[in-house]
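Engineer: The residues making up each chain are set out below.
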Amino acid sequence: MPQLEVRDVTVRYKKRVGIQNASLQAERGEIIGFIGADGTGKSSLMHAIAGVIRFEGEIVYDGVAYHSPKEAERIKAEIGLMPQGIGLVLYDDLTVGEHLQFFADIRDVKQDEAFYAYRDKLLHMAGLSEFTDRLAGNLSGGMMQKLSLICTLLHRPKLLILDEPTTGVDPLSRLELWEILDNIRKEEGTIALVSTAYMQEAARMDKVLLFDDSKIIAKGKLEELVHEIEPYVYEKSPCEECLTIHGKSFSLKPLDAPHTTPSLEDIFFVNALKSQKLPPKIEIGARSDGTELPEIVMEAKGLTKRFGSFVADDHIDMQLRRGEILGLLGANGAGKTTFIKMLLGLYPIDEGELTLLGRPIRSGKDRQKLKAKIGYVSQHFALYKELTVRENLLYFANMHHIPPTEAIRRIGRYAEELGFAEYMDDFPSSLPLGVNQRFSVAAALLHEPVVLFLDEPTSGVDAIARAQFWEMLRLLKQKWGISILITTHYMSEAEYCDRVVLLKRGKKIADDTVENLYKSHPDAKSFEEIFLSYYRENA
Amino acid sequence: MRPFLITFGKELLIFLRSVMLVLVVLYSFTVDVYVAGQGVEMKPRNVTVGYVDKTGGGISQKILSRLHMPEFKPPKAFLSQKALSEAIFNKEIRVGLVFDRDFAVDYRKGRPAQLDVLLDATVASQSLITLIYLKNIVLDFTDLAMPLQIKTHKLFNQNADTHQFMALSELLSVITLLVVILAAVVFVKEKEDGTWDIMLLMPVSPKVTILAKSLSQVFIVMIGTVIAVGWVLMGAFDVPINGSFWAFVLLTFFYSFSSAGIGLFVAAVSKDVMQVAQLSIIIMMPLIFLSGAWTPIYAMHPILQKLSLLSPLRYYIEGTQSIFFRGTDFVDLWPYFGGVIVLGALLYLYGFRKIGRLF
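Listed in order, the protein sequences are those of chains A and B.
Under my numbering, the final residue of the first sequence carries the number 1148; numbering is consecutive throughout.
Under my numbering, the final residue of the second sequence carries the number 372; numbering is consecutive throughout.
Simulated from the structure, these hints should not be mistaken for lab results.
Careful, some of the hints might be misleading.
Stated by the list, open to error - Each computed DMTMM-like pair below joins lysine to aspartate or glutamate, with the alpha-carbon atoms no more than 20 angstroms apart:
hint, chain 1, residue 1, chain 2, residue 2
1, A, Lys994, B, Asp285
2, A, Lys1116, A, Asp926
3, B, Lys367, A, Asp959
4, B, Lys204, A, Glu995
5, A, Lys883, A, Glu839
6, A, Lys974, B, Asp210
7, A, Lys1088, A, Asp898
8, A, Lys1128, A, Glu1104
9, A, Lys685, A, Asp671
10, B, Lys202, A, Glu995
11, B, Lys284, A, Asp701
12, B, Lys367, A, Asp975
13, A, Lys994, B, Glu205
14, B, Lys202, A, Glu1000
15, A, Lys719, A, Glu797
16, A, Lys816, A, Asp791
17, B, Lys104, B, Asp133
18, A, Lys980, B, Asp210
19, A, Lys994, B, Asp210
20, A, Lys978, B, Asp210
21, A, Lys624, A, Asp1034
22, A, Lys623, A, Asp822
23, A, Lys910, A, Glu962
24, B, Lys220, A, Asp975
25, A, Lys910, A, Asp923
26, B, Lys56, B, Asp133
27, A, Lys994, B, Asp206
28, B, Lys367, B, Asp206
29, A, Lys982, B, Asp210
30, B, Lys367, B, Asp285
Said to hold, decoys possible - Simulated restraints, written as ranges between beta carbons of each label pair:
hint, chain 1, residue 1, chain 2, residue 2, range
31, B, Arg370, A, Val920, 20 to 30 angstroms
32, A, Arg968, B, Lys220, 20 to 30 angstroms
33, A, Lys1134, B, Ile295, 50 to 60 angstroms
34, A, Arg915, B, Val286, 21 to 31 angstroms
Bear in mind that the values here come from a model prediction, so they are computed numbers and not experimental data.
Note that beta-carbon positions come from the ideal geometry of N, C-alpha and C, so glycine has one too.
Okay, chain B solo, but in the shape it has when bound:
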C-alpha cells in the first residue's frame, strides 16, 4: 500500500509543479465548458432575412412582421430575385422570401398560393429550423377547418434549453480528452526520460505503479469535474440534478478510470509525447463520434450502432443524462456502470502486459 500512496502523491506533486498544465486543466473545466454552453446555438438566432415583394404589400407584410428579434433580424427588401440571390451568395442573407405577383391574388381568391423560399443550406440546421418556423407562421394564415390541436409536454428539460445539454456534453468531452491525454503523458514522459525502466526494476509490482499513476490522473480530473459541475453547470446554466450526485461521481470515477485505460494503451504503443498527441486524436475521434454525443445512436447505421457498444463514452453519456435530467434511480444505472467497468478492465489488462513487465 505504501508504494501506491507514495507514487500517487508524487504524481500529484509533479502535476502541481507544472504550472502550465494546471492552467490548461482549469481552463478546460471552466471557461471551455462555459463557452461551449453559451456559444453553440441550435435554435435560429440573428438570422438575416431578405425578401422580394411584387405583391404591393398586405398579406406579404403581415407574414414578414412575424419574423422578429431575437430569432430574425428585420427583413431587408430587395428589388429583384437576382439581387436577393446575390446577397445570399455573399452570405449577407441566409433566408430569402419571394412573393411574386400571383401570390396575393391567389391567396385572396382562395386558390393555393405559392411562397418561394431560398435557404442557405450551408448553415443546415439553422436553415431547416427556420423553415419549420416559416411553415408554422404560414399555417396560421391557412384557414384549415381541422379539429386537431397539439398539446406539448416537454419532459426532463421544460424550457428545451439547449445550453444545458451543450455544456454537459462539452464537460463529458473534456473529461474524456483530458483523462486520456494526462494518463498517456504520465507514462510516456517516464518512458522518454528513462525513469520507467527504473520503475520496472524496483521491487514493487508494476501493476501497483501503473494503477497509482493512472488513478492520480483520474483524481485530478475528478476534482476538475466537481469544479465544472458546481460552478459552470449548476452556477451558470442552472442544470438540474434530478438523480443522485454521488451516483454521478461514482460513474465519472469508473468512466475516467476506463478512459485512463485508453491513455495507458496509447502510452504503450507510443514512443514520445508527440505520438501521444497524434494517436489520442486518432483513437478518440471515433470514440466520440460513436458515443452519441453528436448524433443519437438510434439514428446511426446499424453497423455503427453495434460498434458504438465499444465506446465507453456511450455508457457515460447515457448514464449522465439519466442522472441529471431523468433522475434515474441508482440501481437502474447498472448497464452503464457495467459497460464502463468491463471496457476499462480489458484496456488495463492490455496495458499491464504491454508496458508493465520484465522479460
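Okay, chain A solo, but in the shape it has when bound:
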C-alpha cells in the first residue's frame, strides 16, 4: 500500500470548483510535481492534502484516512506546508536564527543536541549559516525561500507540501532549493509534493501531474508522458485542425511532415487538441496610420533608483531599438518593474539620463506629448473589476480621445483578432487569466502606440495562452514595426526575444542578442543554463 493515497478529491468553493476528482499515490522519498497554470487547481489539491480546507473524497496517509480538516489533525505533526508567495511565512522583523527558534517552539520540537545538529545542517545546506543574525526583511527573495523551506523542515515532516517554492526566485537559488529537497527526501524518506511554474523543473521530479481546467490531465513519469505524445508532434508545417506553436505542429491526424522531439509543455497543446479546445487564432490587422520611429526608441544611461538605503536599480544602461522585442529578465526583486516605472515616469529617476523617442526626459512635462505613443500593460493586468470587458475598453478609448465610432470599430476588431469576443460582457475577474492578459494588451493597443512596455504579462498564464501571447507580440512587431520592452521571470522566454538584458539585484549582468548569447555559450542546452553561468560569474 502506498504511503500517501489521494482518492477522488474534489474541492468546491462558493462559486467554482477548485479541483475535481483528483487521485494520486506516492511512496516514501518520492518527489511529485504539480504542473499547470494559475487557477488550475494545484493549490486547492495541496491545501486539501495538508488538511487545511474542506474537501470531498478520501486521503490516506500512513494508514490514517481523513475526510476533513478535523480528521487530518491526527497527522498534522507529520506534515510541512509551505504556502505560495515569497517569504509569506516569514516575519520581516525577526532574524534568521529567531525564525528557526520560533518554528521549533511552535512545533514543540525537543531541542536537544540532535536538534541543533540538524538545525546547523539545514542552515548549511541553505547557505544561511553566516546570516543567522540578519533580519528576514533584509534577505533576498531566494534566501527568503530557502529560509522558509528550512523552517518548514525543522520538525522533520514526512509529508512535505511546497506550493510554488521557486516562482520568481533567481536560477541559482532555485538550484539550491532543489538540492536541499533532494537531500532531505533521500535522508529522511520524505514525500514531497511540489508545484512549479517552470516546466524545466519537471526533470527533477519522480512523477509529474499536469493540471488544466481544475482537472489532472496527465500523470506519470516525465519521459513516459513525453513519449506518449510523440506521434502527434511534427516539425512546423501547414495543416488543418492542428496547432502550430513555437516552430512545432501538433495534430491528431497524421501529417506529411517529419516528427520532432516533444517537450513537457507540448502535452498541454496535445491535450487541447484532444479535448477540442482549439485556441482562437491570433491575428493583427494593419494600423490606421504609419509607424515612425527613430533608430533608438529608448535610451537609458546610468538610470538609478533608490528606496532609502536599498538600491533597486544601480546605474543601468539600456537601449531599445526600432522594431525590436527586448526582454528584461530577472528574478523577483531584481529591479525590472522599478526600471519600467522609471521609464514611464511613475517613479522619479534618482540619477541618470533618459531619452524617449528622441526626446530627453527631464520632468513630467516632457512626457505629455509622448503619452499617445506609449502603451503600457502593468503587472497583474490593471483593469476595473467592476466594469465589463467592453466597458473597460470603451473607457480607455474615451480617455485616449478616440472618437466613439472608431473606438467601437477597433474594440470589435481586437476582440476578434485576439480571441476574446465571446467574453465582451463578462467581468474581468470571471475570465481565464490568459484572456485577461490579451484583453489588457488590447486596452494598451487601442490608441495604436509605437512603443509597448509590458510588465510580467506571462506570469501564471497557461502554456497555450503564453504561446499565443508571444505569437501576438511577434505579429505586432512584424505588422506594425513597433518596439516592445517586456519583463519576465521565465528565463526560457528569452528565446522569443530579439535581445535580452539580465538583471540581478539591481545590476545589469548581461545584455546581448539571442544569437550572440547562444554563440558565446556553445555548451548550454537552454537559456536557463546560459543565465545560470552569468549568475555564477556575478555571484
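Could you slot chain B onto chain A? The hints should help.
Structural biologist: Same frame as chain A, but now just chain B:
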C-alpha cells in the same frame, strides 16, 4: 470635458454595482441619523431615585412627589444611607436623597434645613441636570421674598428640542465621514489595482481625472444628504428650515468638496484600503473635536480655539445651524463659504502634486 463626464459616469456606475457600499451609504443617511436623533438624550429621563427618610414624612414626601415620570422613576425607599450607597454603587439608583431627622424640624422652625443629595457622577450631564431640577423644586419650598421673576424667550428652537440638534449634528458627521472615506477609497483602490498608473499615462490631465473622481463621490453624498434632510430631519424630527434650502445645498457641496480634499490627502499618503481606514480616523477625530460639534468653540482652550479655524467642519456646522435655525440671509454666510473653499483648495493642491503627476 468628455474625459471628465466619462470618468464621473464610470465612478457612479462602479458605486452602483457595489451593492454593499450602496446599502452602507443609505443606512448612514437614514437609520443612523434617525437613531442618533432619537437615542441621544440630554434631559433627564427615566432617572432612578432612591431616598432615606428619617423624618417620618410630610415635607419630604411633598418634595418626592415632585419627582415624576417621564423624567424620574417612582422614588424607592431605603432603610439606611448605607443601603442607598450600595444601590448607587450597583447602578440600581442614580440619584439618592437623604432626609435626616433634623431636616423636618429645622424646616418647620424656619432654620436653614439641609437635604443631602448623592449623585452618580459617571452619568455626568444627566446628574447635573437632575441637580438643577432638584434645586428648582427646593426653591419652591423656600419662602423667598424676592421681587424677581425670570421670563424665558427660547430663540430659534422654541421647544428646546435636542432631537433636532442631535439629528442635524449626526447628519453633518455622517457627511464628513462618508465623503472622506469614499473619496479616499476611490483613489486608493485604483492605486492598489494598478489602474491609477494607467490613468496617469493617459493623455488626459490627471487634474481632470482627480476632480471627476472626487466630484462623483461628492455627488453621491449630496444625494444622500437630500434624502436625509427630506425624510429624516424634516419628516421624522420636524426640523425647521428658516433659511434658504439652496444655500444649504450649496454649502454642503463646497464642504463635501473640501472634505473630499481630505480624502485625497489620505489617499495620497496611504498604500491600501486598510491604511485609509486607520488614517481617516486619526485625521477625522481632531477635525470633529475641534469643529464645535461636541463642545461649543467658545468653551475651548484659547489655543484649541485658534486650531479650530483649520477644521472645515467648524464652518460647515456654524453655517448649517445658521441656515436651519437662525434663518441667516444668504449673503451673510460668506465667512462659512470662504473658510470651506480656502481649506478645500489647499488640500486639492497638495493632492494634485502628490498623486497626480508623472516624474
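Engineer: Hints first: check each against the structure and report whether it holds.
Structural biologist: The hints, checked one at a time:
Our distance criterion of 20 angstroms between C-alpha atoms is met by A/Lys994 and B/Asp285, whose separation comes to about 16 angstroms. Between A/Lys1116 and A/Asp926 the CA atoms are separated by roughly 10 angstroms; this keeps the pair inside 20 angstroms, and the hint holds. The hinted pair formed by B/Lys367 and A/Asp959 meets the criterion: a straight-line CA distance of about 17 angstroms does not exceed 20 angstroms. With a CA separation close to 15 angstroms, the supplied pair B/Lys204 and A/Glu995 stays within the 20 angstroms bound.
Among the hinted pairs, A/Lys883 with A/Glu839 is consistent with the structure: their alpha-carbon atoms are about 14 angstroms apart, no more than 20 angstroms. A hinted pair counts as satisfied when its Cα atoms are at most 20 angstroms apart, and A/Lys974 with B/Asp210 qualifies at roughly 16 angstroms. Restraint check: the Cα-Cα separation between A/Lys1088 and A/Asp898 comes to about 12 angstroms, which is no more than 20 angstroms; the hinted pair holds. With a CA separation close to 13 angstroms, the supplied pair A/Lys1128 and A/Glu1104 stays within the 20 angstroms bound.
Our distance criterion of 20 angstroms between C-alpha atoms is met by A/Lys685 and A/Asp671, whose separation comes to about 12 angstroms. With a C-alpha separation of about 12 angstroms, the suggested pair B/Lys202 and A/Glu995 falls inside the 20 angstroms cut-off, and the hint holds. The straight-line distance between the Cα atoms of B/Lys284 and A/Asp701 is roughly 18 angstroms, inside the 20 angstroms bound, and the hint therefore holds. A distance of roughly 18 angstroms separates the Cα atoms of B/Lys367 and A/Asp975; the hinted pair therefore holds under the 20 angstroms criterion.
Annotation: proposed proximity of A/Lys994 to B/Glu205 holds, straight-line Cα distance about 12 angstroms (limit 20 angstroms). Distance restraint check for B/Lys202 and A/Glu1000: the Cα-Cα separation of roughly 18 angstroms lies within the 20 angstroms cut-off, and the hinted pair is therefore satisfied. Between A/Lys719 and A/Glu797 the CA atoms are separated by roughly 18 angstroms; this keeps the pair inside 20 angstroms, and the hint holds. Restraint check for A/Lys816 and A/Asp791: the C-alpha separation of about 14 angstroms stays at or below 20 angstroms, so the hint holds.
A distance of roughly 8 angstroms separates the Cα atoms of B/Lys104 and B/Asp133; the hinted pair therefore holds under the 20 angstroms criterion. The hinted pair formed by A/Lys980 and B/Asp210 meets the criterion: a straight-line CA distance of about 12 angstroms does not exceed 20 angstroms. With a C-alpha separation of about 15 angstroms, the suggested pairing of A/Lys994 with B/Asp210 holds against the 20 angstroms cut-off. Under the criterion of a C-alpha separation no larger than 20 angstroms, the hint pairing A/Lys978 with B/Asp210 is consistent with the structure, at around 17 angstroms.
With a C-alpha separation of about 19 angstroms, the suggested pair A/Lys624 and A/Asp1034 falls inside the 20 angstroms cut-off, and the hint holds. Proximity of A/Lys623 to A/Asp822 is assessed by CA-CA distance (about 17 angstroms); at most 20 angstroms being required, the pair is judged to hold. Between A/Lys910 and A/Glu962 the alpha-carbon distance is near 5 angstroms, which keeps this suggested pair within the 20 angstroms criterion. Our distance criterion of 20 angstroms between C-alpha atoms is met by B/Lys220 and A/Asp975, whose separation comes to about 17 angstroms.
For the hint pairing A/Lys910 with A/Asp923, the CA-to-CA distance comes to about 11 angstroms; that is within 20 angstroms, so the pair holds. With a C-alpha separation of about 16 angstroms, the suggested pairing of B/Lys56 with B/Asp133 holds against the 20 angstroms cut-off. Between the alpha carbons of A/Lys994 and B/Asp206 the distance comes to roughly 9 angstroms, so the proposed pair stays at or under 20 angstroms and holds. Proposed proximity of B/Lys367 and B/Asp206 is supported: the alpha carbons are some 18 angstroms apart, at most 20 angstroms.
Taken as a hint, the A/Lys982 and B/Asp210 pair is honoured in the structure, with Cα atoms around 16 angstroms apart against an allowance of 20 angstroms. Among the hinted pairs, B/Lys367 with B/Asp285 is consistent with the structure: their alpha-carbon atoms are about 16 angstroms apart, no more than 20 angstroms. Taken as a hint, the range 20 to 30 angstroms holds for the pair B/Arg370 and A/Val920, whose Cβ atoms sit roughly 24 angstroms apart. Taking the beta carbon of each, A/Arg968 and B/Lys220 are about 23 angstroms apart, inside 20 to 30 angstroms as hinted.
Judged by the Cβ atoms, the range 50 to 60 angstroms given for A/Lys1134 and B/Ile295 holds: they are separated by roughly 58 angstroms. The hint said 21 to 31 angstroms for the Cβ distance between A/Arg915 and B/Val286, and at roughly 28 angstroms that hint holds.
When held up to the earlier numbered hints, the structure conflicts with none and fits them all.
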